[in-house]
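Order-wise, the sequence lines are chains A and B.
So the first sequence is residues 278 to 788, counted in the working numbering.
So the second sequence is residues 278 to 788, counted in the working numbering.
No wet-lab data here; the hints were simulated from the structure.
Heads up, a few of these hints could be off.
Since the list gives no way to pick one copy over another, a pair counts as held whenever it fits inside one copy or between any two copies.
In silico DSS-like cross-links for lysine-lysine, where the CA-CA straight-line distance does not exceed 25 angstroms [claimed, not checked]:
| id | residue 1 | residue 2 |
| --- | --- | --- |
| 1 | Lys400 | Lys604 |
| 2 | Lys507 | Lys308 |
| 3 | Lys748 | Lys333 |
| 4 | Lys713 | Lys615 |
| 5 | Lys388 | Lys348 |
| 6 | Lys618 | Lys333 |
| 7 | Lys577 | Lys528 |
| 8 | Lys537 | Lys348 |
There are 2 protein chains.
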Amino acid sequence: MKIAIAQINTIAGDIKFNSAKIREYAALAKKNGAELAVFPELSLPGGFAGDLYLRKDFLKACEKEISVLAKELDIPVVLGSSFGGENAVIYIDKGRIEPLSFKILFGREKKYFNGNDLQMSVKGFSCCIYSGAKELEQSLKKAAELQAETLLVLANEPFYIGVNEELTEEITAYAEKFSINIAFINGVGAQDGFVSFGSSFAVNKAGFIEASAKQFEEDLIFADFVLNTKVQIEEIPMEKQVYDALVLGLKDYAVKNGFKKFVLGVSGGADSALTAVIAKDAFGAENVTGIFMPSDITSKRSRDDAELLCKMNNIKLLEIPISKTFKSFKNDLSEIFKGVKIDVAEENLQSRIRGVLLMAYSNKFNALLMTSGNRSEIASGYCTLYGDCAGGYAVICDLPKSYLYKVCDWRNSVSKAIPKSVLEKEPTAELRENQKDSDSLPPYDILDGIIDKFADSFEGKEEIVLSEEEKQIFKMISLAEYKRRQLPLGTKLLKYSLKDIQLPVTNGYKQ
Amino acid sequence: MKIAIAQINTIAGDIKFNSAKIREYAALAKKNGAELAVFPELSLPGGFAGDLYLRKDFLKACEKEISVLAKELDIPVVLGSSFGGENAVIYIDKGRIEPLSFKILFGREKKYFNGNDLQMSVKGFSCCIYSGAKELEQSLKKAAELQAETLLVLANEPFYIGVNEELTEEITAYAEKFSINIAFINGVGAQDGFVSFGSSFAVNKAGFIEASAKQFEEDLIFADFVLNTKVQIEEIPMEKQVYDALVLGLKDYAVKNGFKKFVLGVSGGADSALTAVIAKDAFGAENVTGIFMPSDITSKRSRDDAELLCKMNNIKLLEIPISKTFKSFKNDLSEIFKGVKIDVAEENLQSRIRGVLLMAYSNKFNALLMTSGNRSEIASGYCTLYGDCAGGYAVICDLPKSYLYKVCDWRNSVSKAIPKSVLEKEPTAELRENQKDSDSLPPYDILDGIIDKFADSFEGKEEIVLSEEEKQIFKMISLAEYKRRQLPLGTKLLKYSLKDIQLPVTNGYKQ
Numbered sequence: 278m279k280i281a282i283a284q285i286n287t288i289a290g291d292i293k294f295n296s297a298k299i300r301e302y303a304a305l306a307k308k309n310g311a312e313l314a315v316f317p318e319l320s321l322p323g324g325f326a327g328d329l330y331l332r333k334d335f336l337k338a339c340e341k342e343i344s345v346l347a348k349e350l351d352i353p354v355v356l357g358s359s360f361g362g363e364n365a366v367i368y369i370d371k372g373r374i375e376p377l378s379f380k381i382l383f384g385r386e387k388k389y390f391n392g393n394d395l396q397m398s399v400k401g402f403s404c405c406i407y408s409g410a411k412e413l414e415q416s417l418k419k420a421a422e423l424q425a426e427t428l429l430v431l432a433n434e435p436f437y438i439g440v441n442e443e444l445t446e447e448i449t450a451y452a453e454k455f456s457i458n459i460a461f462i463n464g465v466g467a468q469d470g471f472v473s474f475g476s477s478f479a480v481n482k483a484g485f486i487e488a489s490a491k492q493f494e495e496d497l498i499f500a501d502f503v504l505n506t507k508v509q510i511e512e513i514p515m516e517k518q519v520y521d522a523l524v525l526g527l528k529d530y531a532v533k534n535g536f537k538k539f540v541l542g543v544s545g546g547a548d549s550a551l552t553a554v555i556a557k558d559a560f561g562a563e564n565v566t567g568i569f570m571p572s573d574i575t576s577k578r579s580r581d582d583a584e585l586l587c588k589m590n591n592i593k594l595l596e597i598p599i600s601k602t603f604k605s606f607k608n609d610l611s612e613i614f615k616g617v618k619i620d621v622a623e624e625n626l627q628s629r630i631r632g633v634l635l636m637a638y639s640n641k642f643n644a645l646l647m648t649s650g651n652r653s654e655i656a657s658g659y660c661t662l663y664g665d666c667a668g669g670y671a672v673i674c675d676l677p678k679s680y681l682y683k684v685c686d687w688r689n690s691v692s693k694a695i696p697k698s699v700l701e702k703e704p705t706a707e708l709r710e711n712q713k714d715s716d717s718l719p720p721y722d723i724l725d726g727i728i729d730k731f732a733d734s735f736e737g738k739e740e741i742v743l744s745e746e747e748k749q750i751f752k753m754i755s756l757a758e759y760k761r762r763q764l765p766l767g768t769k770l771l772k773y774s775l776k777d778i779q780l781p782v783t784n785g786y787k788q
Numbered sequence: 278m279k280i281a282i283a284q285i286n287t288i289a290g291d292i293k294f295n296s297a298k299i300r301e302y303a304a305l306a307k308k309n310g311a312e313l314a315v316f317p318e319l320s321l322p323g324g325f326a327g328d329l330y331l332r333k334d335f336l337k338a339c340e341k342e343i344s345v346l347a348k349e350l351d352i353p354v355v356l357g358s359s360f361g362g363e364n365a366v367i368y369i370d371k372g373r374i375e376p377l378s379f380k381i382l383f384g385r386e387k388k389y390f391n392g393n394d395l396q397m398s399v400k401g402f403s404c405c406i407y408s409g410a411k412e413l414e415q416s417l418k419k420a421a422e423l424q425a426e427t428l429l430v431l432a433n434e435p436f437y438i439g440v441n442e443e444l445t446e447e448i449t450a451y452a453e454k455f456s457i458n459i460a461f462i463n464g465v466g467a468q469d470g471f472v473s474f475g476s477s478f479a480v481n482k483a484g485f486i487e488a489s490a491k492q493f494e495e496d497l498i499f500a501d502f503v504l505n506t507k508v509q510i511e512e513i514p515m516e517k518q519v520y521d522a523l524v525l526g527l528k529d530y531a532v533k534n535g536f537k538k539f540v541l542g543v544s545g546g547a548d549s550a551l552t553a554v555i556a557k558d559a560f561g562a563e564n565v566t567g568i569f570m571p572s573d574i575t576s577k578r579s580r581d582d583a584e585l586l587c588k589m590n591n592i593k594l595l596e597i598p599i600s601k602t603f604k605s606f607k608n609d610l611s612e613i614f615k616g617v618k619i620d621v622a623e624e625n626l627q628s629r630i631r632g633v634l635l636m637a638y639s640n641k642f643n644a645l646l647m648t649s650g651n652r653s654e655i656a657s658g659y660c661t662l663y664g665d666c667a668g669g670y671a672v673i674c675d676l677p678k679s680y681l682y683k684v685c686d687w688r689n690s691v692s693k694a695i696p697k698s699v700l701e702k703e704p705t706a707e708l709r710e711n712q713k714d715s716d717s718l719p720p721y722d723i724l725d726g727i728i729d730k731f732a733d734s735f736e737g738k739e740e741i742v743l744s745e746e747e748k749q750i751f752k753m754i755s756l757a758e759y760k761r762r763q764l765p766l767g768t769k770l771l772k773y774s775l776k777d778i779q780l781p782v783t784n785g786y787k788q
C-alpha cells in the first residue's frame, strides 16, 4: 500500500486554516496515487495550543470539522486531533470516523487529555503518537500483537539540538528490531517558539530508510515499504539546523501574527548582527530596519561595525543618538538622585531609552521589534528589563553565546553576512566606559556549561554535585527568573531550555 | 485526643526556614498539651514551588530533613511534603517515618508527582490532601472503611473570591453526612501571587465547628472533637477578604524577596490610589514613595487628587514632569516620524517615559516598583507594555475595575484613605486630550462580565454561546495575551484568573 506522509504547517486554534491544509494535501496525495494520507499529531486543532484544549466549544468545533472532512475527503486519511477528551489518532474513510490510538501522556499534557489506553489496527497498519522511546516500544509490541505490518507514528516534535539524529536512529533501530515498517509523520512550523522540525521519514522492516522529508519545510513524501529500497540521508550540519530553526521560529511567529515589517536595535555586536541577518533571510532586507542608538561612550568601532553590517546586508540603518534624552532623564532625576552615587540605575536608563525608541518605531510602523539577547545573558540576568529585553520576539534567546559564534561562522560560509570585525571583538554592553561582559561574567564557554548543568538538573535524572563557582552561577540564574518571566517569546533550541523550566520567582532554593 | 492545627507560612524551596517553622509550632503545640501537631500540604518544601519538585537534589534534601525532624521532634507530627515521588502526608513519631496518604492529583500537578493510591490510618485518624469535593468524598469513604474517627485534610489552597465559604460549607456538610470529625489544615501566606488563605478549622461529627483559625495570618488552634462544643464563625465581608489578600500577596512577595522600600506612579486615579494604600497598610507609609509624573495634558484635578491621596496617607510624593523628556524623545524621532500622523505611538511613549523614571528610582533605591493595572485593563490590553505595565509586582492585576470601587469603599469604611474625588471621577489614562476609558472600552460592569465569561470558558464545563459584543471582547482578550506574558507577577483573586490560563499568543481561535 502506497501511503503519503503529509508534513504540514498548521496554526494553533485555526481549525479552518488547518482543515483547508489537510484537504489540499489529501488531494495531492490522491493525485499521486497514494491509498492513504497521514497527517501529524494534533494537525486539526494545531499543536501547542495550550489551554485551548480545555475549551469545550473549541473541542466540539474540531470534532465537527472531522465529520465534515469524513464526508468530503475522497482518500482514506489518518490524522491527529483532539477527540473525545484524548490526543487522538483518527482514521477517516468514506464517512467512517474511527479513533485508532490515544497518546500516552507525559508532563503537562495530562492537564488537557485523559490518556486512556487505545491502539487499534486497520488494513495492516497500526498507529500511535510519539511520546518517547519507552512508549514507542510499548506501541511496537502492541502493533506486533495486532499483526500490523506498519506502524504510523504521528508526532509534532519541536526542534532542539540533536533531536533529529536521536529520533532517526531510535526509530530506525526499532524498525529493524521489531521487523516492522515505521512511518514517522512529524509536523513542521513554529508556534510561540516551538519549531516543529519536520524531517518525517519512512523506514522499512529491514531498517532501510525509504523516503525522507525536508527539515523545516512543508513536504509530501510517499512510501510503499518495498524491501531493498533505500535513500541516502544527508547529514545536516548542526549549525545549519540551528540557523534554519531560528529563521523558521521568527518567520512563523511573524506570519501567523500578521507582521510584515521588522525592526531591531543594531549595536555593532554579534547578537544584534546575527538577529538582523536571520530577519533578512526570513523576510528580505527591504522589510528590516536597524536602528543604531549611540551614547557618548559608544565607540567608533561599534558605529563602523553597525554600518558595515547593514551595508553588507542591504538593511536600512537609522541613527538616533540617545545622549540628549539621557541628559533630559538625568536632569528630571537630578533632585531625587542628588548625593547618591552613579550605578547600574544609569546603565539601565540608557538601555531603556533604546527600548522606548524601538517600541515607538514598532508602534508607529507596526513593525515587530526583535529582541536580540542570547541565552547566556538571559540565564545570568545580564540584560535590562524594558531595555534590551523589550520586544515582541526574542529571536536568539535560547542560543548560548559560545555557540552563537559557530552559527555566525556557518552563516558566513554560505555568504558573507556578519562582518569579521563584529565576531572578533570582545563582547560589551557599552553602558559604561571600558565595560566588558567579562567584568561581570565568567568566560562564555564556562558560563554556558554551567547553565547547561542548571537546566539539566530539572531533568530529574540524577543528583548533582556543584563546585563553588557553579553554586554562584546557579544562584544568579535563580535570581534572574523574574526577568525571564517578563521576556517575549523566543525560539527553543535546547532540550532543556530555561523557558521550559517553571522556576518559582520567590525561591528559597537558590542553588 | 487533642490535636494542634499549625497554620504556618512557608517559603517555596527554603527547607531550612520551613523546617524551623515546623519545629517552632510543634514545640508550641506540645507546650499547650496537644498529642499531635498537624501541618499543611507541602509545608516542608513549600507550596507552589514549580519545577523545584523535579530536582532530585531538592527532593532528597526534603527527605533528609524529614529524617532529622523525626529524630528531633518530641511530639507526633503529621505534615505535608514531597516524599518518594508523591505529594504526601507523612506521619512522624519517635524516629518513625510513615507516609499516610498521597494526593489525588489534577492538572499540572501530574507533571511533578506520581499520584499513586494510598490512604492509611493511625491511632484512629486518617489523612488526605485536599484536591476537590469529589476526591474528598472518596477519602471520606476510605476513612470510614478504615474505621477512622477523624480525617485530617491537609491543604495549601490559594484564595479566590468565595473559596473560604465554599470549602467551609462543603467540609462541614461532609462531617455531618459521614459522621466523622474533620480537621482542615490549610497553609497561609503568599507565593508568587498565590495567597494561601489559612482559615483552618475543625468540625466534629455532629457538624459543629469546634475551632477556627484566622484568615490570612499564621495561627495555632486546638481541637479534641468533644461533641456539643461549638464556636461561632463570624462572616468576613468579601471586600475585606479581597483587601486582606491583596495586602498579604504584596507583603509576602516583598518580604520573601528582600524588599524594604516601595515605589509607584501616582496618577490621581483610583488604581494607583488603592495600590498606594495597600502598600501603606502592608509596610507603613514611611516605606512607600509615590511619584506624580504630569505631562502637558495632565489636569489640575489629577494633581490635586494625587496630592490629597498622599497627604491623607502620609505617603511621600515626588513630582517629575515628563514634558521635557517627551519633547526630547519626539525630537529624536522627528526625522523618522516626519509626515506620519500622531497616534497610539505617542500615547505609549508618555506611558513608557513614566515606566523608565519609575524603574530608575527602583534601581537606584532598591525599591520594589508596584504596578497598578487592574484586571479589566490587563484583560482587554488597555495598558502599555514597559509603561504602566512595568514593575516587580502587579498588586491589583486580578481585581476587576467594577469591583475595585467596592474594595475602596470598604477600605474607606475602616478609615478614610482614598479621596472621594478619586472615586467619583471618570476613569482616564490621560495620554491624550479629553481621553476617557469609555472611548475605547464598554462600561466596566459589562466588560468585567464578559471577561468572567471568557475565563470561565476554560473551565471546560459547558459550551458557551456568544453575542457579537462578547465575540469582540473575547478577540480583544486573545489579542492582548502577548502583553500578559510580559507582566510581572500579581495576586490571584478569582477562581479562573487570566494568569492561570495558558492562552497561546499565536492563536487562530480568537473567540
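Homo-oligomer pair classification [Lys333, Lys748; C-alpha up to 25 angstroms]: For Lys748 and Lys333, the Cα distance is within 25 angstroms only across copies (16 angstroms; inside one copy 46 angstroms).
Evaluate Lys618 and Lys333 at a C-alpha cut-off of 25 angstroms and name the case that applies: within, between, both or neither. neither (58 angstroms within a copy, 44 angstroms between copies)
For Lys713 and Lys615, with the copy left unspecified, which applies at a CA distance of at most 25 angstroms: within, between, both, or neither? The answer is neither: 28 angstroms in one copy and 37 angstroms across copies each exceed 25 angstroms.
One pair to classify: Lys400 and Lys604, alpha carbons no more than 25 angstroms apart. Within, between, both, or neither? neither (75 angstroms within a copy, 73 angstroms between copies)
Within, between, both or neither: how does the pair Lys537, Lys348 come out at a Cα-Cα threshold of 25 angstroms? neither (37 angstroms within a copy, 66 angstroms between copies)
Tell me, please, which holds for Lys507 and Lys308 at an alpha-carbon limit of 25 angstroms: within, between, both or neither? within (24 angstroms within a copy, 79 angstroms between copies)
Can you tell me if Lys577 and Lys528 fall within 25 angstroms by alpha carbon in one copy, between copies, both or neither? neither (33 angstroms within a copy, 48 angstroms between copies)
Between copies, within a copy, both or neither: which fits Lys388 and Lys348 at Cα up to 25 angstroms? neither (32 angstroms within a copy, 39 angstroms between copies)
The structure shown violates the earlier hints numbered 1, 4, 5, 6, 7 and 8.
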